[in-house]
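Number of protein chains: 6
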Amino acid sequence: MTKSTIPSDKVRFFSGSSNPALAASIAAELGVPLDNTQITRFSNDNLYIQLGATVRYRRVYIVQSLSQPVNEHLMELLMMLDIARGAAAAEVHAIIPYYSFARSDKKDAPRISITARLVADLLKTAGATHVMSMIFHSPQVHGFFSLPTDPLSSWIVLKQYLEAHDLSDGILVTPDMGQAKSAARFANVLRLPIAAGNKERISDTEVAIRGLVGNQVRGHKRALI
Amino acid sequence: MTKSTIPSDKVRFFSGSSNPALAASIAAELGVPLDNTQITRFSNDNLYIQLGATVRYRRVYIVQSLSQPVNEHLMELLMMLDIARGAAAAEVHAIIPYYSFARSDKKDAPRISITARLVADLLKTAGATHVMSMIFHSPQVHGFFSLPTDPLSSWIVLKQYLEAHDLSDGILVTPDMGQAKSAARFANVLRLPIAAGNKERISDTEVAIRGLVGNQVRGHKRALI
Amino acid sequence: MTKSTIPSDKVRFFSGSSNPALAASIAAELGVPLDNTQITRFSNDNLYIQLGATVRYRRVYIVQSLSQPVNEHLMELLMMLDIARGAAAAEVHAIIPYYSFARSDKKDAPRISITARLVADLLKTAGATHVMSMIFHSPQVHGFFSLPTDPLSSWIVLKQYLEAHDLSDGILVTPDMGQAKSAARFANVLRLPIAAGNKERISDTEVAIRGLVGNQVRGHKRALI
Amino acid sequence: MTKSTIPSDKVRFFSGSSNPALAASIAAELGVPLDNTQITRFSNDNLYIQLGATVRYRRVYIVQSLSQPVNEHLMELLMMLDIARGAAAAEVHAIIPYYSFARSDKKDAPRISITARLVADLLKTAGATHVMSMIFHSPQVHGFFSLPTDPLSSWIVLKQYLEAHDLSDGILVTPDMGQAKSAARFANVLRLPIAAGNKERISDTEVAIRGLVGNQVRGHKRALI
Amino acid sequence: MTKSTIPSDKVRFFSGSSNPALAASIAAELGVPLDNTQITRFSNDNLYIQLGATVRYRRVYIVQSLSQPVNEHLMELLMMLDIARGAAAAEVHAIIPYYSFARSDKKDAPRISITARLVADLLKTAGATHVMSMIFHSPQVHGFFSLPTDPLSSWIVLKQYLEAHDLSDGILVTPDMGQAKSAARFANVLRLPIAAGNKERISDTEVAIRGLVGNQVRGHKRALI
Amino acid sequence: MTKSTIPSDKVRFFSGSSNPALAASIAAELGVPLDNTQITRFSNDNLYIQLGATVRYRRVYIVQSLSQPVNEHLMELLMMLDIARGAAAAEVHAIIPYYSFARSDKKDAPRISITARLVADLLKTAGATHVMSMIFHSPQVHGFFSLPTDPLSSWIVLKQYLEAHDLSDGILVTPDMGQAKSAARFANVLRLPIAAGNKERISDTEVAIRGLVGNQVRGHKRALI
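Chains as they are written, first to last, in the numbering used here: chain L, 43 to 267; chain G, 43 to 267; chain Y, 43 to 267; chain E, 43 to 267; chain P, 43 to 267; chain U, 43 to 267.
Relax, there's no trap hidden among the hints.
Which copy is meant is left open, because identical chains are indistinguishable; a pair holds if it fits in one copy or across any two.
Keeping only pairs whose Cα atoms sit at most 30 Å apart, straight-line, the calculated DSSO-like set for lysine-lysine is: (1) Lys-223 <-> Lys-201; (2) Lys-223 <-> Lys-149; (3) Lys-149 <-> Lys-201; (4) Lys-52 <-> Lys-149; (5) Lys-241 <-> Lys-149; (6) Lys-166 <-> Lys-149; (7) Lys-241 <-> Lys-201; (8) Lys-166 <-> Lys-52; (9) Lys-223 <-> Lys-241.
Derived by calculation from the structure, the hints in this document are not laboratory data.
Small disclaimer: the values here were computed from a predicted structure and weren't measured.
When you get a sec, could you build the whole thing from the sequences and use the hints?
Spelled out as structure tokens, the structure:
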């Protein structure tokens with residue numbers, strides 16, 4: 043992709059506190075300045091946020107991952123969206139590289155929350171007009187958003203990286219069958235054989251891979267997992 | 043007030059993690075059981091909450107103060123509201139003894155958030171149908187809620203406590219003029235003289251009282267502030 | 043389950059044209075009359091529907107599967123919901139045994155519709171206050187509904203049926219890994235061994251099962267698929 | 043009207059399956075290409091639609107008549123609107139030459155649907171931001187839309203056609219009194235006398251005209267009805 | 043109709059200033075007390091309204107005609123609805139005997155307001171959950187309301203009155219063809235012949251009747267118009 | 043401020059009847075024509091309003107103070123907003139120099155209306171997308187609006203006026219403590235000493251100033267109140 047330069051008087055680009063380095067990289071890549079965001083806290087623990095540049099009639103981008111501490115980062119994002127909307131921004135784009143709530147996407151027990159849907163609604167209430175995120179835990183999460191939403195893939199970057207290396211004798215290994223379909227597509231692009239693990243979730247933080255499915259594993263020297 | 047006992051099969055009463063002792067006291071006062079709420083956390087810091095009793099067609103009360111850590115308590119509350127609504131509760135009442143966001147009630151700088159309004163909207167989005175809170179930092183905050191909202195006063199409790207004591211030679215002192223009107227009403231009820239301080243806010247956490255206004259201060263032995 | 047009889051003056055129970063026999067069975071099971079629905083058509087192909095009993099302040103149930111012809115049945119349902127809401131029903135419950143749109147639950151190509159979400163929103167716009175359906179194609183579809191929604195399982199019925207038969211030497215076979223988890227739970231309830239096929243979707247209407255995974259298949263006389 | 047040519051990179055123009063020839067004519071008249079729409083159907087009768095050109099930030103026009111089969115055409119339209127909105131179109135214009143539901147515009151029996159209003163709401167839910175249609179069965183139907191809506195008249199075309207012919211000895215005849223007012227206006231423009239029939243609706247498809255009102259009928263050779 | 047008595051602790055019945063005598067009659071007919079409404083005005087002409095009885099969890103009826111001065115009466119009504127909703131009424135019924143805006147029901151000129159639709163939306167925004175009114179100027183106005191709405195007819199009262207008199211030699215005359223259909227139905231109920239005038243609107247306040255259509259006019263001694 | 047001239051084909055500028063001279067001045071200052079608004083009244087007291095210039099895709103400004111008669115001016119404004127939205131304006135800006143309802147900003151008695159919030163919601167329902175007003179009675183009123191809202195200050199004009207005069211020996215006097223903070227800021231800008239009165243509200247229209255607080259009053263020849 044050639045670098046396009048957006049006219050910077052039409053765009054405002056802000057970062058929450060979750061990953062300012064990433065936001066700065068994106069802004070640099072786009073050729074727009076990273077505008078200042080002041081984030082402080084009252085003695086009663088309430089956030090106080092001020093956006094550092096006029097947003098009236100501008101296209102506003104706000105970058106914030108929902109990484110730890112998740113609820114702090116979520117509230118920062120909601121307040122920044124609210125500020126942009128209230129200050130008459132023309133468009134308010136939420137760029138959420140890691141939408142951690144995506145895993146809470148179903149009710150497999152009674153009286154729990156499909157939090158991925160709840161947060162999608164909160165983002166709309168706060169003023170977002172468009173959402174971007176890395177592809178979700180399950181593709182159905184896309185449907186939780188009533189706003190235009192773009193789940194972004196990192197495949198193009200991975201492909202560029204891998205193609206710069208020697209992949210002969212390589213094999214692509216996916217941890218479980220759930221991802222087998224998309225892994226197969228990626229293996230096809232890279233012209234690699236593929237094998238799937240038999241992942242079993244033991245707890246929230248532990249998984250076991252019990253054997254691999256696929257005839258081609260033996261004999262390959264490099265396994266890409 | 044005589045204790046009324048609500049039929050407990052029509053009501054569900056849950057507490058967030060901010061102040062379970064207070065919630066238990068309210069439930070006991072009302073004569074209803076405090077239903078169980080399971081609050082845990084995934085390894086990615088996302089909350090996982092399960093309400094421990096059927097809410098279908100019930101009147102559901104959820105008690106949660108927005109005390110520190112504020113954003114954790116807010117997200118707990120939003121998820122509990124969402125669960126109750128999604129599980130077909132007939133009514134979802136949010137009891138928020140301390141609505142800390144009430145202080146963010148105006149824009150005295152450009153591009154900040156009137157967070158008290160934002161959070162009122164988030165509560166509605168999440169499923170609340172009614173809000174109760176102790177009286178807000180400014181009475182206008184009431185108007186931020188589009189849901190029926192009851193700001194509750196503690197005067198009746200204070201009055202009972204004070205009337206059980208000897209108030210002769212007492213005087214009621216209010217820290218600044220801002221509260222003078224309501225303080226005067228309270229002083230009138232207690233048949234006490236009143237004086238007002240001249241509070242000056244030095245910073246978010248420090249105030250100075252520079253002198254008192256009111257002729258009756260001198261000679262009083264007990265000052266209620 | 044013992045038959046409970048709902049007081050019939052509080053309830054109205056209507057059926058669309060998709061499966062009146064099913065609706066009649068449900069009504070009989072509940073002990074309420076199946077109210078009349080008149081469905082005709084103008085010469086310009088527009089539907090004309092009249093509900094045959096007063097719904098004011100009643101709890102209204104409308105049974106309609108989104109079976110073929112799908113769009114006819116959907117429009118019937120939307121109109122019946124609209125009629126109930128407009129005639130001041132207290133609650134409007136949509137019972138949709140087969141929610142066929144559930145399969146359109148993600149965007150695996152650009153510029154297509156997540157129709158399962160769209161239809162969930164249309165049902166709300168038309169006046170539904172609650173939705174019941176058999177469990178969805180993927181559990182995430184539950185999150186497409188902003189209304190209280192109950193995906194119902196047929197396991198209890200299947201279990202009763204199977205337990206009335208001799209299952210010795212039986213084995214439960216699931217067509218692919220996607221359903222393996224829930225199949226395992228069911229196998230466990232029935233105390234049966236389990237095997238999974240290796241389904242491959244050839245086209246919209248054809249699938250191939252290439253071999254079975256699981257050591258116990260050989261030697262079992264009865265395979266439940 | 044002189045042909046204006048809209049810059050085609052700003053506009054997308056799609057047609058549903060109701061009348062592609064009409065859509066092609068409009069696009070040609072406007073000087074924009076007719077973009078491709080792929081409409082197929084799953085084995086369970088669900089529609090599958092894909093718009094064939096990027097709509098992001100574009101002004102999108104979708105042409106679809108609600109002609110027979112009405113509900114198929116309606117669902118196509120709703121899905122196309124939903125796709126355009128979800129793919130971040132800047133504006134989504136629904137051009138509905140024949141809004142057949144307009145005749146269901148009142149409740150002259152209890153518990154029926156004012157379907158013209160219901161469908162107006164469905165169009166908004168699906169994502170339309172503007173509606174165009176030929177003038178409605180009754181002018182009040184305009185008020186059913188909360189979106190900006192333009193009922194278009196064909197008078198200018200009729201006028202051009204008729205003025206190209208010899209209208210001497212002509213008379214304009216309207217089938218009933220309901221249209222007399224607008225017919226009179228049109229007669230005035232054409233400088234023709236006018237007569238009104240006495241239409242009686244016998245059934246949904248049959249009407250009888252019992253006599254004509256107006257002195258000038260006799261002696262005219264050409265009657266425009 | 044026999045007088046039913048609604049339990050008065052479940053109902054609140056308020057009147058705006060447009061026609062308190064009518065409201066009192068309705069309340070008396072229903073056997074409920076007419077609750078007090080205090081309506082005053084600040085020096086800056088803003089209305090100040092207080093409802094005089096607790097509405098929490100009650101079914102609230104508010105009677106207000108949109109008679110002259112129309113905008114004063116509308117604002118009173120909107121404020122009363124808002125108060126009832128904000129004070130946690132269970133239902134808020136707007137009884138609007140004369141909905142004067144019904145005549146602004148179409149756009150017969152560019153850039154005018156379909157005010158009958160606008161006001162329907164304002165009533166919903168202010169908190170109404172149900173509307174009652176005498177039948178509208180055109181039956182399509184019913185479709186402007188997204189709330190359950192009941193247009194009430196006075197025919198039953200007129201019928202009772204007329205049947206108590208000698209109608210022999212009577213004839214029912216309708217001023218123009220627009221009302222002929224419903225007039226014919228009424229004539230049929232009363233077993234009277236019917237004639238229609240040929241009304242022409244000269245201006246907003248003047249009409250002319252040019253002759254009568256119908257053979258039976260001559261010879262009848264009593265004409266009911 | 044230098045006069046900027048907005049391209050007049052992109053902008054429409056209308057005035058209600060409250061203060062056409064002010065609107066004309068603003069339009070002249072901006073260098074855009076003041077478009078015509080026709081405001082008449084039917085015999086039943088209903089307003090009839092027509093905007094005199096095409097607004098499609100335009101940025102529309104509507105100037106209307108909520109001065110006496112308040113409810114007439116409010117209804118005019120709501121109808122004008124509705125017309126602009128319905129005629130496909132791109133943006134609809136309500137300029138409300140005097141938002142008189144701002145004083146009804148809290149519930150200091152049960153069952154009254156926070157009318158400032160109600161009217162903010164009505165403006166949104168009618169179609170406003172942005173609000174401008176002189177600073178509100180209390181700064182919290184800003185939070186009643188869910189639309190982008192700009193409370194404007196007249197300080198810059200007052201400052202220019204006062205600096206053109208001799209302020210030596212002047213003092214700035216504020217009628218009560220409620221405004222002391224902002225008055226102090228203004229005094230600081232003008233480099234004037236400040237004194238505060240002790241205002242007591244006797245009734246809606248009468249106040250008494252009982253003495254002044256501040257040492258510097260005596261000896262100053264000019265007091266700016």
